[in-house]
Structures are given as structure tokens and as C-alpha cells.
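Trainee: Under full-length UniProt numbering, the first residue of the sequence shown carries the number 1, and numbering increases by one thereafter.
Treat the hints with caution; some may be incorrect.
Pairs of lysine-lysine residues, derived as BS3-like cross-links and limited to a Cα-Cα distance of at most 25 Å, are as follows [claimed, not checked]: (1) 237 / 251; (2) 237 / 259; (3) 95 / 133; (4) 52 / 95; (5) 273 / 251; (6) 257 / 273; (7) 273 / 237; (8) 273 / 259; (9) 237 / 257.
Keep in mind the hints are simulated off the structure, nothing from the lab.
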Amino acid sequence: MGSTASRAWRSCCTTWASCGLSWPVQESTLNVDLDFKQPFLELNQILEALHKHDLGPALEWAISHRQRLLELNSSLEFKLHRLHFIHLLAGGLNKQLEALSYARHFQPFAQLHQREIQVMMGSLVYLRLGLEKSPYCHLLDNSHWAEICETFTRDACSLLGLSVESPLSVSFASGCVALPVLMNIKAVIEQRQCTGVWSHKDELPIEIELGMKCWYHSVFACPILRQQTSDSNPPIKLICGHVISRDALNKLINGGKLKCPYCPMEQNPADGKRIIF
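Modelling step: build the complete structure from the supplied sequences, incorporating the hints.
Mentor: The structure is reproduced here in C-alpha cells:
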């Protein structure tokens, strides 16, 4: 499968997953390797279960990915246990003993979520009267299910190295932020008759702040030439691990060999590998 098709497939799957749609992924006639497709199919199956108020598949997934979720500072596993506990509370006195037994799952999260755990344990006092008429009635709010779907989608996409938003929506949002600024720049340039300032098609005359939501990776600047890399001058990783731009690599070639500017290693220029962020 070509890289362009792969990116398109990943983009479509992310959009479908964020909407909770599994049938486009399952019924797609695109020739995609099962190993490539499987994470998206699993994600959508879990979302379908969450929409049916079934927490089992999501809890199983969160536990199996616990270490990576902790590295993201994710609270997904705790939120899933909390929602299951609330689901038991909604069963009234008949589920009280089961809820008390299930509360043991909160122990690993006591340090980070102490206040939330205290609130849930305090709600047990009102089970006889009914939570819906107590100070803890907010625990029964149906919005918790929508929140857990959003949290799962965001964290699952992070583990897959994807934005939770579709590339189209991100591009549209970025354009809405940047367009007023660009229109003002255009007006100033025309007024002062200095159109030559903006002569490069792939470069803006000033930096436009888009906000953290539109940041996905850092821009690499070559440490040798002090220039930002581009499609025509991409970053190249040398055998020793140091990274420079292709233009810098070409300038450093001497007698068919390349000596790294940062370490003594001498290498063949053809051994350099292009890096794609």
C-alpha cells in the first residue's frame, strides 16, 4: 500500500473513529493489510460498546496499555473504573455490596484522584434515599458516557500517533485563524507597494500564531547551515545518529566520503537516511 494511500486511510479511520462509526472501516474495499487496519477496527469496536454502556472492552484495552497511558499522564483507566462504580450506584441498595467490593480498583489511583474517590465513597450514604435526590445526583449525569468516549478516542489516537481531529478540520480551523492576519498583511503590502517582500510561495512573511491545538511536531533547523529544512532540503540522519540537512551533507562531502561535523565517524554519504517528522 502506497504511503499516500496509507495516510489517507489513517485519516479516514481517525475521523470515523471519532464519530463512533465502524461500518466504513469494515466495509471499505481498499486493499489494506489487516495488521494496518486492526488497531482501527479494535478502536471502533470499543467505542460501539461504550455507546451501549458496556465498559468491559474499554477497561480491558486500558489495562493492557496501562504503561503507555501512564506515560501520557492519561486518567482513562481511572475514569472507566469510576464510571463502572457509578453504574453500580445507579442500581441502588441491591448493588451496594457489589459497589463496595468494586471500590478496591481505586487503590492504585488514590494519590492522584483522592478527592474524586472520596466523593464517590460518600455517595454510598445516600443509596437508601436515592442518589437522584442527594447532593451526589451529578454522578448520575448521562454526560459521563459522552466524556468517556471522547477521552478514549483522544488517548487511543495518541497511542496510534494520530490527531484526534481530522486533517481537514485542522486545516480549516488553521485557515480561519490565519486568514484575517494574511488579509491585513496583503493590504499593508499593497498600500506600501512592496509586493516583493512576499515572493516565496511556500513561506509566509511573518509567523502566525495558531495556538497549541494546531501544533503536531517541531520544525527542524539544520545546525550547520542554520536553515529550516523543507521538502527540497529534508533532514538526513547520519550513521552516527547526528542529523543535518541534505544541503549541509552535500557541502561536507570530500573525496566521496563524509565526516560527521560532531563526531570523528567517517561514512559513505549514501548511507544517510531521510527523516520524516
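Trainee: Next, verify each hint and record whether it holds.
Mentor: Taking the hints in turn, this is what the structure says about them:
1. Annotation: proposed proximity of residue 237 to residue 251 holds, straight-line Cα distance about 15 Å (limit 25 Å).
2. Taken as a hint, the residue 237 and residue 259 pair is honoured in the structure, with Cα atoms around 13 Å apart against an allowance of 25 Å.
3. Annotation: proposed proximity of residue 95 to residue 133 holds, straight-line Cα distance about 18 Å (limit 25 Å).
4. Taken as a hint, the residue 52 and residue 95 pair is honoured in the structure, with Cα atoms around 20 Å apart against an allowance of 25 Å.
5. For the suggested pair residue 273 and residue 251, the alpha carbons sit about 16 Å apart, so the restraint of at most 25 Å is met.
6. A C-alpha spacing of about 15 Å is found between residue 257 and residue 273, which places the hinted pair at or below 25 Å, so the restraint holds.
7. The straight-line distance between the Cα atoms of residue 273 and residue 237 is roughly 5 Å, inside the 25 Å bound, and the hint therefore holds.
8. Proposed proximity of residue 273 and residue 259 is supported: the alpha carbons are some 15 Å apart, at most 25 Å.
9. Among the hinted pairs, residue 237 with residue 257 is consistent with the structure: their alpha-carbon atoms are about 15 Å apart, no more than 25 Å.
Every hint from the earlier list agrees with this structure, and none is contradicted.
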